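For the protein sequence lines, the chains are L and F, in the order given. In this text, residue positions in the first sequence follow our numbering: the first is 1, and each later residue adds one. In this text, residue positions in the second sequence follow our numbering: the first is 1, and each later residue adds one.
A portion of the hints provided could be inaccurate.
Which copy is meant is left open, so a pair is good if it fits within one copy or across any two.
Here are the simulated EDC-like pairs of lysine to aspartate or glutamate, each with C-alpha atoms no more than 16 Å apart in a straight line [what the hints assert, rightly or not]:
| no. | residue 1 | residue 2 |
| --- | --- | --- |
| 1 | 286 | 415 |
| 2 | 81 | 20 |
| 3 | 286 | 298 |
| 4 | 286 | 264 |
Keep in mind the hints are simulated off the structure, nothing from the lab. Bear in mind the structure is a predicted one, so any value in this text is a computation, not a measurement.
There are 2 protein chains.
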Amino acid sequence: MFQRAFLVRRSSIDLAQSSDTQRQSALLAMADALATRSREIVQANVEDINRSLATGLNQSLISRLKLDEQKLECAIEGVRKLAYLSDPLGRRLLHRELADGLFLERITVPLGVLGVIFESRPDAVIQIASLAIRSGNGAILKGGSEASCTNKIIMTTLQEGLTSSEIEPNTLSLLTTRQESLALLRLDGLVNLIIPRGSNELVRFIQDNTRIPVLGHADGICHLYIDSAADLSHALRIAIDSKTQYPAACNAIETLLLHHEIAETFLMSAIPEFQKYGVKLLGDDKSHALGITHCANEQDWSTEYLDLVLSVKVVQTLDDALKHINCYSSRHTDAIVTNDNATAQKFLSSVDSSGVYHNCSTRFADGFRYGFGAEVGISTQTLPPRGPVGLEGLVTYRYLLRGQGHISSEFASGEKNFTHRDLPL
Amino acid sequence: MFQRAFLVRRSSIDLAQSSDTQRQSALLAMADALATRSREIVQANVEDINRSLATGLNQSLISRLKLDEQKLECAIEGVRKLAYLSDPLGRRLLHRELADGLFLERITVPLGVLGVIFESRPDAVIQIASLAIRSGNGAILKGGSEASCTNKIIMTTLQEGLTSSEIEPNTLSLLTTRQESLALLRLDGLVNLIIPRGSNELVRFIQDNTRIPVLGHADGICHLYIDSAADLSHALRIAIDSKTQYPAACNAIETLLLHHEIAETFLMSAIPEFQKYGVKLLGDDKSHALGITHCANEQDWSTEYLDLVLSVKVVQTLDDALKHINCYSSRHTDAIVTNDNATAQKFLSSVDSSGVYHNCSTRFADGFRYGFGAEVGISTQTLPPRGPVGLEGLVTYRYLLRGQGHISSEFASGEKNFTHRDLPL
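Use the sequences and the hints to build the structure in full.
Here is the structure:
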């Protein structure tokens, strides 16, 4: 295990020095290899599904596990698109003359090696591996055992693709046992970032068991606040979309906050509409009095249902809504519907979530929708990268300083002076 | 303790919404208050020093603890300068039309609350508090007990200054007991970043005992490599400066790597010069044979002397130097002296340290020297902020999305399409 991780690390050092074109060609070679072996990959996936059906895996996991020809084609298309996104490496973020003849640059460079632990979805291997290579990072991946046949053949195929490119196949590695994934968490010196994609429990377990930085979101408790100055027909379609378009997603809303002045009118049309979509509403006392049959308890405000369930609360003021959000939000994405610009501005500047939205659905919180091409996940951490993390989030920077024999004592003595003059980027 | 941290958090939410001018004025008010009370602050420091002398604190710690009128004036001047640095908040990093009428922005915002644990130097309170307020962050500070009188009066004075500004004095708080600083590490929900300034042991202890992200550097094992194509007189002055200008600094070099072709000539003039500066050289076999009297052992390559001691190794090629650096460097700052541009380029792109330097001293790795005005420390982590961390490193960003009733299902159905058109920043 250590040996394999060491190989990934060593290959990643070469990868970091590859050109944009080399990484681009590598992605195209990976896509070609996947296309060539698509029949075998789909066949391996059928095996995984049959085995999982036999062990009684539930239907929603089976559907995540499934990789049919169409889904695979879509994933391959994603790799090609990523190849043509602009290079996140070698960008100059700062360019400054520190003193006569002494020049500072801040340049984007890869993180190094990513450790990615994910569940079910085997297309994640394709997406993550291609994001890693495009951004100049090595990657060690550990998928769920239910997808083991699919993951294995995909990884072999991706490495085959790399063989016909100028990038080392060893920049990618697949772990297969739980023991190996525990060992991964201890590879401080070799792995630079752990990305868990899975349940809250998985994320917390990883955070508590590694000194390597972890990128991830724990919960997705998103709010929609409908202000007294909202266009109520907009509000309703946004509420329905934010809850029902894909309720298992982390960017779906779990709580609806209603300003008391519009609560009655809004619920009159909203209750039947939610019913039509099969959404179970749980209300606080006030919204219960306005027709919501089920009651919400304290626990509900901090529950991520990931299902067609929505808690509803009536608030007196914008400040009450902000207080509720600051208390219960998981700082993923929170939205307001209002036609009052001052109210919107206050909401956008007060809510400290990675996404704060005005008059649109929370479901837009996504790397593809933001135009990042793909994402490794959505970070609800405070420090960058925050929100949907694509290529740009997988790089760091390095300071380059070039002099002509410059030494610090000349500046300490006052013999020379700093100029600190910014130059064009 | 929790109550006080909660107050800092609450005040920091208001601070995050303050204007550039309000934060600027607050810093000037803090500087004025310090100037008014300067005599009392210096007097409190004398008390701390007398107490520490009585308990037998060593001389280098006493000199770090000392805050005389001149040092204090310098620190106050630093606060005023920081007031006039440009605002790191509210910067638009991304501006994109996602679809007709749907606009995405990425805007810089404060991190929230900083927890800073530092040793000895009481001027750190002034520097950190002013960096925090300028960047819109609350701060909870814990200084060393040897500086307790000085730290207390400085904090009271800073808060007095804030009272006459529009920023809440509660955005700053000083902890005084070890128990409180342990409690600080457990304030996951209230504190967003821990910044330890002190020994390696302190940093490691903190990393192992908190789930809050930690900004810091563990070791400063910096290298200087003198290539066969180096200007040897430049090389020598850079080597002397990098080692002797302030040997206790983390950006001083600990190991000198010499290309075998120039090793003999270089050492002939370097050995007496280092001797003049009182530097003890420890050599590998080859450099020992070239006149270095003391021998380096395996342990030396990973030792941060923080003293006038330097280990020396002769290497056969640039690749050998790179291998040594990649193995032993703490990824702080590593430098090359060469007149061969291809060699320099290879070094700058292969060494993955936060600073990679060509033909200049490693001592330039510093926030002031980079033109950042001030720094909370130097990060040797891979993820940003990396290197010297000033105002810019104390902010994060948030995504703002503004629509006109946009919902995701219209895009999923193909009824509407993403445009992903970048707009001027």
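Results of checking the hints against the structure:
1. 286 x 415: neither (74 Å within a copy, 38 Å between copies)
2. 81 x 20: So residue 81 and residue 20 pass the 16 Å test inside one copy only (14 Å; across, 41 Å).
3. 286 x 298: Within one copy only: 14 Å inside, 72 Å across.
4. 286 x 264: Answer is within; shortest intra-copy Cα gap is 10 Å, inter-copy 86 Å.
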